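Peer 1: Between the sequences and the hints, there should be enough to build the whole structure, so can you do that?
Protein chains in written order, with our numbering: chain P, 1 to 503; chain C, 1 to 305; chain G, 1 to 316.
These are computed hints drawn from the structure, not numbers from a lab.
Because the structure is a prediction, the values reported are computed rather than measured.
Errors might be hidden in some of the hints.
Unchecked claim - Simulated crosslink set (DSS-like; lysine-lysine; CA at most 25 Å straight-line):
| id | chain 1 | residue 1 | chain 2 | residue 2 |
| --- | --- | --- | --- | --- |
| 1 | G | K55 | P | K158 |
| 2 | P | K446 | P | K45 |
| 3 | P | K173 | G | K224 |
Unchecked claim - Chain P is nowhere near these chain C residues, computed Cβ spacing over 12 Å in every case:
| id | residue |
| --- | --- |
| 4 | T31 |
| 5 | P63 |
| 6 | H67 |
| 7 | L106 |
| 8 | V125 |
| 9 | V157 |
| 10 | E197 |
| 11 | I274 |
| 12 | L298 |
Beta carbons: idealized from backbone N, C-alpha and C, even for Gly.
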Amino acid sequence: MLTYIVSAEPPTFDGHQSTTFATLMPASPHYSTLYKLDPADNVSKIVPDVAAAMPQVSADKLTYTVKLRTDVKFHDGTTMTSEDVKATYDKIMNPPTGVTSPRRGVYAAVDSVTATDPSTITFKLKFATGSFLASLASPWNYIYSAAKLRSDPKFYEKNIMGTGPFTFIEYVKGSHWSGRKNPNYFEKGKPYLDAYRAVFITDPSRQTAAIRSKQAMIEFRGFTPTQVSELSAALGTQLAIQEASWVCVNYISFNTTKAPFNDERVRRALTLAVDRWAGGAALSRQTIVKGVGGLMRPGGPFAMPDAELERIPGFYKDNAKAVAEAKSLLAAAGVPNLTFAFHNRNVTTPYEPVALFLINEWKKIGVTATHTVKETAAYLADLRNKNFDVGLDFNCDYFDEPDLQLAKFYSASKLGAGLNLSHYDDTKLDGMIDAQARETDPEKRKQLVWEIERYAMGEKAWQVPVIWWHRVIPHLATVRGYRIGSNHYTTMDMANIWLADTR
Amino acid sequence: MSEAARLAAEDEAARLRHLEDTGWRRFRRGTFDFMKRRPLGTVGAVIIILMIGAAVFADAVAPYGPHEGEFTGLPTPPDGKHLLGTDSFGRDVFSRLIYGSQTALLVGFSSSLVGSTLGLILGVVGAYFGGKVDEIIQRLMDVLISFPLIVIAIAVVAALGPGTTNVIVAVTLPVIPRVARVVRSSALAIVQMPYIEAARSVGVRAPRIMARHIVPNVFASFLIMVTAFLGQAILLEASLSFLGLGVVEPEPAWGLMLRGQGMTFLHQAPWLAIAPGVAISLSVFGFNLFGDSLRDALDPRLRTA
Amino acid sequence: MQRYVIGRLLLMIPTLLGVAILTFAIMRVVPGDVVVLRYAGSGAVPQEVIDAERKELGLDRPMPEQFAEWMLDIVRLDFGHSLWTDRPVMDEIKGRFGISLELALLATLLATALALPLGVIAAVKQDTWIDYVIRVFSIGGLAMPSFWLGILVILGLVVAFQWAPPLIFVPLWEDPIANLAQLIWPAIVVGYRYSAVATRMTRSSVLEVLREDYVRTARAKGLKETLVIIRHALRNSLLPVVTVISLEFAFLFGGLVVTEQVFNVNGLGKLLVDAVSQRDYTLVQALVLVFAFMFVFINFIVDLLYGALDPRIKYT
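Peer 2: Okay, structure coming up:
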């Protein structure tokens, strides 16, 4: 049996409605998706899950035809057909009343979903988009039973009934979630594990103690470097460590409805002051951030090369030049000794050290930021209600995909409502984001994305990334078959994991 | 005569001696007696005085400012330049401890003094007037005392903003009903005394009676509760920090230092946890030792747990 | 007596009502709600999703209406559904009630077992080095923040035995060893801490009795010192000690917020912290009422005990 730590409690069982790993980590073993990330890669390679093969895409890139496996059975014994897939995607794109769907905007391009025959499903798009395949591989899009959804659209909020490698045993809130091997799983020979148990532990020192005492074998989200060094000192060769960059980043959000943060000179000065190169190196020793990048993950397929990045304000290698420029910008804007409240949430990792770092950096240009920490609910409410000066926001995605990472840059009064916490409207930027979404040539698309980066974080400095997160997963060496990817959402079905016999 | 009986007799004698003394002489003799007969209390008093000294003369004692330092990401171990090393933001731990005593005393004194004073007033007023007034105050105190601290703390943090102020308020609120209860029960006995009745009948006003006759009689219990809650306040600050509801970075506060840098680097740099941990324990220890002995000296019959 | 009991029981109503109003008000004043929090996971969520769900949960209705409805439900002993899990609030509480009760009982037991002998010895040996050692030891329990002590205990166990207390609760009657292996550690940490207050109370209470005339008489009659202490002093000084211990029990029951977090014990304290930070209004309201009721009720029992044990107190 695999025992792993989950550091938060799932708000719902329904992956379609959830936005947190706390649902995916315990629940994904019960479900399948249409496509998924290859567990051996876990970054960008998409492979079929319940689909029989990769989709057939029409020449105009507007029709995706997906052949389904015919040997997939739900845990209640019924056979999965294209009706179930259609019901699933209908629920995500047009949720019935009383059911929410936080990511329905991602499927704005979809015109219709048709169950052509029991083993074929066809997606018709309104416009061609480069991100659609990734959307079909979304780890949130659990395939649900059409019959169950018909009888109760909210069935999946409190019940588990999927096609995944493990069946549901129990969930004890505040304690654990467990499942056992599904003997009828469609991939023969899998899963390798007989059972699994996710234990919920929030306190970091208790998490470390659990792995150290071998009560738990792995935690899939990521530990801080200090937790890792404790574990490796204590467990030596019994511990395996994997690390990778992460599609997660903190943003500095400016309340652009308020002076002086409506002045782009002030915003640019505040991002200029931040020496991300030195900061990334220093912070990576104590918390989960490391890489310097723009709006796309550094090292990822859309990342801007360092040579280009260095020309954008806030990414200069020459810190003295940046500080001087920042000071003169502040002087020009009439706020040389700017003072503001820096709004943060009361979560230590990585928010506290990142905020302290920023406050220190701003001190160098004569800016005094008062650290204002609130617990998560109040923090989010304040950011949404424009009840702040400057805040530390964050974003995490499951895939390197500009459509996902740029979603929060849309105008706040339009598509960006609730996502864009700098609360600005910029129709030019909206057009730029739309344009890259409709560009299907990868090279051209990259150029468009870089143009957006130069404009949105350099020229306008609407909201700016701080330092990209970095995942480190220390686990007992007996856990095999898990490959760390660039996110903590995918390949959580545990189908490929096994435990090595270490006698 | 047994040891206990002999000591009881000595206590009695000391108390009688005090009755003859007045003013400065009474204080001096009291202090001297206290030191001689309560070595533990004296140890406590010394710790408290040291702590107050550190807080008052922080600028002179601390080699560095509480926020001063070069950010490197890793703490450095104790050496000649930094007595207790530095944290990961390059800040001198010793200096932050010294400045932390300001926060500790600020939180401790303001919450226990304000809380105890409010409790004293409510307790005395309730006991003096009795009837409806007493009934209402008692019910309010019941509500407050049975209310979980965590809910109050979160509400205060969210309503008043973060930092030292909210910690003070969150720690003050639970003090009020506890003091009010004890004071009320001691005051009840005094209200029934003939001289209170006499004062009333000749038309002395209620506030005057309470201030002149009742408060001095319950003052001993008040003082003891204040010292008891001083230590509690410092611990509560630490607990609130653990829950992410306490003082926030970069303010120097012991609980925060322990929970933040201390816990993060518990294995690589244990001094970051040990230093504030010892400071907290020592100060709570000091306040409790002193408070305990004060209780023994002032009134061994006092039932303020 | 009967009138007194009924009177006291009736007095609980305004207290609990006050607690209910205060909880309701506090939770609504605090910014943020369960919907915002539910989607706190990855970045942000469109406003329409938030609004739709708020409506679904009835959080958009006027506050007096929400309060009136809640009160009416409570009168019918219906505490509603948790906003976070949508399960009945009583189901959420039921599972953890036993865990917290057991932990509080264990801790109280340990505290009493420590406090009674230590307190008596300290009193009898007042102002000798034995007294000092006992007092320093017991104050030591108070001097460490509970999370710090808890973390050190777990760390100590892990370093010494490569073993940590079990993470998952097993009821006492199913597997007593596994049960105790989990709960004994937090019970020790809390019990030691709370023994300080009880020790102090035992000490001063015994001291007081030792000065009473009848004890002096007993001594004068030439009774053996141990006999004097057991027969007269301890028995007569027990009352305030019992009071302190029961009141502590009432606090322990709802106050183990930090300890439960550190030891990952799935009790009511942890549930409350989670519920408050998740803005699970219904659950918080019910939990605070449960705590307040327990507190008021134990106080009431203590007062009754007082009457039963101390013939000088008469309830009229």
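Peer 1: Each hint: holds or not?
Peer 2: Hints, verified against the model:
1. Only pairs whose Cα atoms come within 25 Å are accepted, and K55 (chain G) paired with K158 (chain P) is accepted, the gap being roughly 19 Å.
2. At most 25 Å may separate the alpha-carbon atoms for a hinted pair to count; K446 (chain P) and K45 (chain P) meet this at roughly 18 Å.
3. For the suggested pair K173 (chain P) and K224 (chain G), the alpha carbons sit about 58 Å apart, so the restraint of at most 25 Å is broken.
4. For T31 (chain C), the non-interface assignment is confirmed: its Cβ lies about 43 Å from the closest Cβ of chain P, beyond the 12 Å cut-off.
5. Non-interface call for P63 (chain C) relative to chain P: holds, since the shortest CB-CB distance, roughly 20 Å, exceeds 12 Å.
6. Separation of H67 (chain C) from chain P is inadequate, the least Cβ-Cβ distance of about 9 Å not exceeding the 12 Å criterion.
7. Distance to chain P confirms L106 (chain C) as a non-interface residue, since its nearest Cβ pair spans about 18 Å, more than 12 Å.
8. No Cβ of chain P comes within 12 Å of the Cβ of V125 (chain C); the nearest lies about 36 Å off, and the non-interface call holds.
9. Its beta-carbon lying about 7 Å from the closest one in chain P, V157 (chain C) breaks the requirement of being farther than 12 Å from that chain.
10. Even its closest Cβ contact with chain P, about 53 Å, leaves E197 (chain C) beyond 12 Å, as expected for a residue assigned away from the interface.
11. Every C-beta of chain P lies more than 12 Å from that of I274 (chain C), the closest at about 15 Å, which supports listing it as non-interface.
12. Annotated as non-interface, L298 (chain C) keeps its C-beta farther than 12 Å from every C-beta of chain P; the closest such distance is 41 Å.
In terms of the numbered hints stated before, the structure departs from hints 3, 6, 9, listed from lowest to highest.
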